[in-house]
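Here is how the chains run, residue by residue.
Protein chains: 2
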Amino acid sequence: MAKYVEMNQDQLQAEHDRLLAKYEALKAKGLQLDMSRGKPSSEQLNLSDDMLTNLHSIDDVFSDGGVDTRNYGVLDGLPECRRFFSDLLEVPFENIIIGGNASLRVMFDYITQCLMPNLLGPGWMASGKPVKFLCPCPGYDRHFAILEYYGVEMLPIEMEDDGPNIAQITEAIKDPQVKGMFCVPKYSNPTGCTYSDEKVKALAAIKPAAEDFRVIWDNAYLVHDLVEPEEGDKLLNIFPEALKHGNEDLFVEVCSTSKVTFSGAGISAIAASEKNIAAIKHRMSKQFISNDKINQLRHIRFLKDVPTLMEHMAKHRAIMAPKFEAVQQAFEEGFSECGIARWTHPKGGYFINLDVLDGTARQTVKLCAEAGVVLTGAGAPFPYGNDPKDSNIRVAPSFPPVEELKVCAEILVISAKLAATEKLLEK
Amino acid sequence: MAKYVEMNQDQLQAEHDRLLAKYEALKAKGLQLDMSRGKPSSEQLNLSDDMLTNLHSIDDVFSDGGVDTRNYGVLDGLPECRRFFSDLLEVPFENIIIGGNASLRVMFDYITQCLMPNLLGPGWMASGKPVKFLCPCPGYDRHFAILEYYGVEMLPIEMEDDGPNIAQITEAIKDPQVKGMFCVPKYSNPTGCTYSDEKVKALAAIKPAAEDFRVIWDNAYLVHDLVEPEEGDKLLNIFPEALKHGNEDLFVEVCSTSKVTFSGAGISAIAASEKNIAAIKHRMSKQFISNDKINQLRHIRFLKDVPTLMEHMAKHRAIMAPKFEAVQQAFEEGFSECGIARWTHPKGGYFINLDVLDGTARQTVKLCAEAGVVLTGAGAPFPYGNDPKDSNIRVAPSFPPVEELKVCAEILVISAKLAATEKLLEK
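Just so you know, the sequences run in chain order X and C. Residue numbers for the first sequence follow our numbering, so the first one is 220 and each next one is one higher. Residue numbers for the second sequence follow our numbering, so the first one is 220 and each next one is one higher.
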């Protein structure tokens, strides 16, 4: 079979009709499948079920130092949890705060803090001028949703195979109204790429015109390898690099156990410079008395330390890797000859980034939906949902079982090819 | 013995010397006692220990309708929890959202939401003019801390025995920069008073100049009676009253289980009008994916329904009531003749409000601290910590055991009397 772009109209029409017949047959099955979000599967959640029962009685609720985790207090989190994240992120204990059940909330709160008057200054909104933010994309739709909610103007930055385009960033940050940037530096959502040492070093050295510029370093997938960790991607620690340039205040790192333990009931952590930690804690001290320390205690009793965490992540890997393989294989088989698609082969994270023929992503997602497969909305990984090429589809293989996933991937392949032939036939 | 104000200088000096000797003897014991915050005691926390273990296995984590509480989703909380708070607050199901582990955070978030652009308008900060807030006082120091953090100007409103002074409120809300008010309408912190029906009806009918005016109706102590509930205070439901005046959007009610189950790991609820719920949910949908539903499930399995909750609160009452009695008795015995103090006899809540001789509250708290008894800072129940009469002391009897509490109260009595004689001798 030839590549679609090399086919003449008759060949395309024949291919189109063949695909349509297959598509209609699949559609007739009346499936209801969901590959839209990076949700862990029940099987993965079951890995942490010991955490449901690991506090047995009154005697178990005291943390190191005898703190009653049921009562008020300990604003910045149990010391044992802070030590755990200190080890994991390789950031000093003093620079760690434990957050609530979602790093998304930590980020929303931090953006809010920076927009408004805070301990470090009058806030990004103070001048009354538009606030702008750099958004490497494709990126995480929920990052963009925070900015859109606050009316922050989003400037797309091209995402390369090893991180965002530094030249574009360097140019953009000359504008003092550009106040920050969102990054998912390891196993990025959705491309799965990890920032190279070179990119991390370049980012650590940036000199933004805005003195209150902040990079939200969303290290969501730091231990989420799909291969043996030794063979997985390595991300350079941003803080020592930033320190070399006096830039330690520019980076605020977050992570969570949402995809380690329970997605809705994990714990999160913030790592930041002394100055940033002080400002965050100052706000927190007005915001609440403590996060849920019982959940913190359940976590640390379960995860124990970084080696135990890594053993736990190996169990996630054993569930996740075959799912990614199933999708990759379906893409390989379905797309190999037609030449209309390319996709990523991440060594970790939760997504495969699929690029279909320009101008057909929306139609592909629509065709999938009509055949009973829900995908992330086309364009979602771009600011304002605007994928300029209309080619990007975020594939989330984590939730469905492998057998379902194969069906999803088959329908996605056929839909993408059908949309491509439709598009090419229009010409 | 005569009243202090009727004593001559010699009599006062003799009384002062007698008190000082007693004070020094108590101080010499080197005590370390804490009566500073409304913290539940361990004995109270133990009442909810079944909640630590009431999810036994994988089979237990599904809520009504089969939702896996471990995973993402259900932004506004488990339906069974919303039903519970709907019954408790007598507000329709649709008007209830479940929040995180602290109603304080819900209030901080809501103030933040109102200050900034939001679904309902440009926000309180938009005009650039100072934002002002009404603060019935003595009131809750953490409410005032939120406002102070945001630079909101706090206007004190006199707290009467049955709620805030309505005339002062009516006058103040003519200023369109007055954007809201904090209320603890039942067993108020710290006076313990409950707003009378008359006050609730008057508040429900207010006509503020600011169309985005909001009353934070912090119903923190709604089931926290110190007497049999039938003999306890009754608070009129604000929403039906407000509705009569088209004012349903003016009130946002919050409550939590912080003083029902675990103070650091409870769940909270918001009750509000359709319009306000929509705006809150809109912001929440950008802020996080869900609150901790496992904790919600633990709560509803434990608290079950309002009758079960009331049985549980009777156990709290059995622990709390003797503590309040011990303090009341110590005050009765110690202050009866000297005429320098008056205090509240609340039927519920967490505090006794003590008024000592004008100009001696700070000195009393200082003397207590030096004798090893930590009290809430004098002035804390007033905006900017400024008690104009320097007479108010918030007494929090919940945490120490009764025997300790008796010692605390004794030291407080002697300190207040000593400070009073010092003050009167100065004249």
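By construction, these hints were calculated from the structure, which means they are not laboratory data. Remember, predicted model here, so these are calculated numbers, not experimental data. Careful: at least some of the hints might be erroneous.
The list treats identical chains as one, so a pair stands whether inside a single copy or across any two.
Claimed, not checked - As a list, the in silico DSS-like pairs of lysine-lysine whose alpha-carbon atoms are at most 30 Å apart:
hint	residue 1	residue 2
1	Lys585	Lys393
2	Lys393	Lys534
3	Lys505	Lys585
4	Lys348	Lys505
Hints and how they fare:
{"no.": "1", "hint": "Lys585 to Lys393", "verdict": "neither (40 Å within a copy, 54 Å between copies)"}
{"no.": "2", "hint": "Lys393 to Lys534", "verdict": "neither (46 Å within a copy, 63 Å between copies)"}
{"no.": "3", "hint": "Lys505 to Lys585", "verdict": "between (46 Å within a copy, 25 Å between copies)"}
{"no.": "4", "hint": "Lys348 to Lys505", "verdict": "both (28 Å within a copy, 23 Å between copies)"}
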